[in-house]
Amino acid sequence: MSQTVIQQDVAETDTMFDVELRKVFKVYNGETAVRNIDLNIRQGEFFSILGPSGCGKTTTLRMIAGFEEPTGGEVLIRGQSMANVPPYKRPVNTVFQSYALFGHMSVWDNVAFGLRLKDCPKSELQQRVGESLELVKMDSLARRFPAQLSGGQQQRVALARALVNRPTVVLLDEPLGALDLKLRKEMQLELTTLHRDLGVTFVMVTHDQEEALSLSDRIAVMNIGKIEQIGTPTEIYEQPCTAFIADFIGDTNLMPAELATLQGETVEATTRSGLKIWVKPQALFKENPTREVLVSIRPEKIQLGSTDSSEIANRYDGTLKHVMYLGNHTHYQVELPSGDVITVFQTNRSSEQLKPGMPIQIYWSASDSLALPV
Amino acid sequence: MTLTSPNPNLAEPAIPGWQRTLRKLLQPVILLGPSGLWLLLLLVFPTLLILELSLIPGARLGNPPGPYGIGNYIEIFKPVYLQVIWRSLYFALGTTLFCLLLGFPVAYWIALKAPSRWRNLLLVGFILPLWTSSLLRAYAWITILRPSGLLNSLLGFFGLPGQEWLNRTPAVFIGMTYSYLPYMVLILYASLEKLDRRLLEAASDLGATQQQSFWRVTVPQTMPGIAAGGLLVLIATLGDFAVPELLGGASSMTVSRLIYNQFLGATRNWGLGSSISMILILGVSISIALLLKYGDRDAI
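If you're matching them up, the sequences are chains A and B in order. The numbers in the first sequence follow our numbering, run straight up by one, and end at 379. The numbers in the second sequence follow our numbering, run straight up by one, and end at 1420.
Hints in this document: simulated from the structure, not taken from any laboratory.
Which residues of chain B face chain A? A few of them, derived with a C-beta cut under 10 Å, are:
1. Arg1318
2. Glu1321
3. Ala1322
4. Ala1323
5. Thr1329
6. Gln1330
7. Gln1332
8. Val1337
9. Gln1341
Backbone N, C-alpha and C fix where the C-beta goes; we use that ideal spot for every residue, glycine too.
Excised from the complex, chain B in its bound form (with noise of 0.2 Å):
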């Protein structure tokens, strides 16, 4: 009797066959079902409406008729709205390049050459901006750009004439490279801090410069990184409304500008916004899908 375990209620009851599989038919239900529920709601619904009043212009949503069928895949081929997808495609091609460009020294330094000690106040330093709102930052962005704003008085100061920077290209750059560039350094410093220096230090021994190193090791090592930051940057530029909207104007429109237009501005086409949607949402698709094959899962 003094064998007996000391807590009773260890001594797991004995729970009949048909009761286990319940619990492991329920079991996923009661984990997943919350959140699936949420994304059914929220994000598959929609998907599927919006799919729905692209190929099927439905009286229920009270949206005036337009053409039927596959008409409005067919429409987004106009030249008007194509060179709206161009645009957007070279804004969020551009941005991700010039993330890259500026993001990769930084995020290089940070990881292989700052002090240890400094590393995370420098992260730090970077992921700040993302704290305030990204339509605040917009707008001090043209307090800077706008004819008498803060660029144009340091161009007078140096006795440059003033420029007309709003409501342009590269007023759109600017700002959507200022937006997405922190997102570029963290993903990029978390792929180079992972590097083996060991590796540099075999290159080195090889016979390689820092230089050489750097294009032949270091590079083709975080290629991984590089990927996964340029993809997350791309998804997120080719969507993003508000900075091309406020600081590039109405001749800088993009796809979300003109999928906004559709539906809730003066053209008012329900038909052709959904189909423009279909096709971001199938480019947003396939850049994710990318990005969990070659980018670097760690980083992201």
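Next comes chain A alone, as it looks inside the complex (with noise of 0.2 Å):
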């Protein structure tokens, strides 16, 4: 873990960073939104803050654009302090979730909005709304009206919108949120390719943990206004810092447990069930020795069945409780003679049928749990 933090701190040097937020501090009629977060988004990366409805994501990203003003602490783009200055003067764009589209205008003259406002010449301007159009693949629908387009062709306008005026960084409030299961992994597809041949900077609030992993070069996670981790999708799911993280980033086997001395490597947590789990131990633990702590194990880290590795230190017996079929894959869930219920993901690989009631065995590494602080 602080070997992760010194490489980030290494790369922060000699990146130039679009966006920075400093001990930025959000206070709404006496509630605090934004408590205290440091922020820094390199030029060119896809940035996700991720977190649930309430978290302060949208505040944080209504910051950058200006709509908002922060209490305390100070928002840069490229360098450049944001205090007082108004969002129309900010050199960012946003896709709304709500598009936010003009109803009186054409897609044409949605997309022409932010060009006119800054006069800019008339064959500048129709080549570049007409590009824009091209980019987003709505070029054939510019003469329509909002009105007449579906959920992912406003989307589509709402991005052109923005990119047309080639902002510094784009900014990205749910941009997916209201579109349905299939067009939304249609557009998560697209955004990828525009992020990566623009090579402009991208922002994006959501609350899909899915959406960030697969689209994210750095995901900040957010849970009642403060940043709780900032890393790449790999390190947020394999190696969340806290029980919230691992909690809301995929599925976990959370269990309250106490540490004993490091031995080595491992370490052995009891649970309050008595249940004796070797796990690694992350570096937090190591400086700074807690003994409470909860154990995570993701469902899909444990196997069924027996082994004979010598490496694998958890090995437990116990009963099928349930079976859930989920086509690629089942969910089980074994009940263990201390009375602790592990969930197990298993992809679908041979058509064996496990029964609820049938003993088995589960096991997985002490590398696969973690222990968290409470």
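Combine the two chains into a complex, taking the hints into account.
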């Protein structure tokens, strides 16, 4: 953990930041929406702010856009302080959750809106609007009005309207939230393609963990106004810093436990029910030993059946309680003699049918069980 | 047996088909009949009567004989009458414009800028004058505008010479604008209040200053409300009688006064009065049609 932090610092010194938040604080009617956020978003990065509703992620985005002024702290874009800079003077453009297209204007006029305000020469305007609409494959519908478009098409127009201004940063507020699943997958792919081709910094707010994991270069996970972790999708998923993240992103088996003293690389944790689990503690616990922890084991890291490998520290006998068949994989619930119920995900490779009530063995390695602060 | 419905009344008795058909036929008659009869007696019938009067001078109403056929309509084109029609239009359009110019900033401020808990109170404050009779309000203006009235006293206080206000065009505009401004404010407010604030944010995000987003987003987005308010005030002012009569005097004769004169005044030409009425009804009907087509229906 400390290693990754150091690596990040090294990388940060020679990368230019497009967006910097320094100790940003926001209070609404006496309630704190955002607490002391520090955030550095690199040039050209696809950065996501992920969190449940009400965690302050949209407020954070709105402070970057300039719709909200921070109560305390500072927002910088390309090193320039944005204090008292109104939204219309900021080099950012937003794709709104509701798209916020102008209903009284055609698709073409919606996209041309920003350029017309900047008194862009007519020939350049024609070319840029045309290019932007082509980019999002909406050039054939340029004369339509927003009310005549489907949700997905409106989304594309909203994207073109933001991109045509060539902003330093594109802000996306739950951009795919209103689309149905299939269309969302399609647009996700197009968003990544657009981001790669344009090389513009994207900052996206989402509550959809899958979307954040699949699209982003880095993710900041927010909870109750604070950033709990910043990292790559792999770091966030494989090495969550807190139980909240382990639970919010993906699924996990969480058990309160007490740590014994460290023996080599691993340590034994005892759950309240008396179950002993070998865990690989993170750097945090080596430096600052706390005994009360939450043990987190991802259901897909657990195997069904028996193993002879001496490297597997955790093996248990149990009874299969529930089987939920989901097509490409199956969820199992295994009850251990201690009374703990462990969820296990297995991909469906064989057609072997396991029935509830059967005795079963489960195992996982110590490095797959994380000890997280309570 | 235990499975029977707990309330036997719930079971609907079978109704013969013909009875159901009869019901279907009777339902609109029962529901719409009373109000339909009311409209027929007090709106459709009188209108038809006026149409008849304008075309065929009938002895049955005891009116003195006048020109026959469409002569009454040709008569309207005499400069004397055209001038009155033109003046009415001028008053109506002018008042509509003044109401719009004065009402929009007020409605805009109440809907978008005023603290939300004050909004209803401010609106009630604007509607309050509507609860007194329009005649009473016109008389109130007379006391303000007459030679020794409040306005001239105020001018005198600042050392300015008093003016003749009453029985002139400005007085009519002042009185009518005052009378219809609340309607305009209410309708514009309803339209502005619906305005999606996110559109203003989007405009600002795309580089529009407040002024630019006002002209490029707020005004076009509230156009249906502007149309509704404008047409409603236009319709009301076209037929207004009391205010121009009391504040404008004889030199400011409007269509309503002209019609009145034809029926009850010295001239007594019912045929001409009816033809002018028909023209007024036509003008108002066209305005209403426009209102229904282009106006913001929610705001009305």
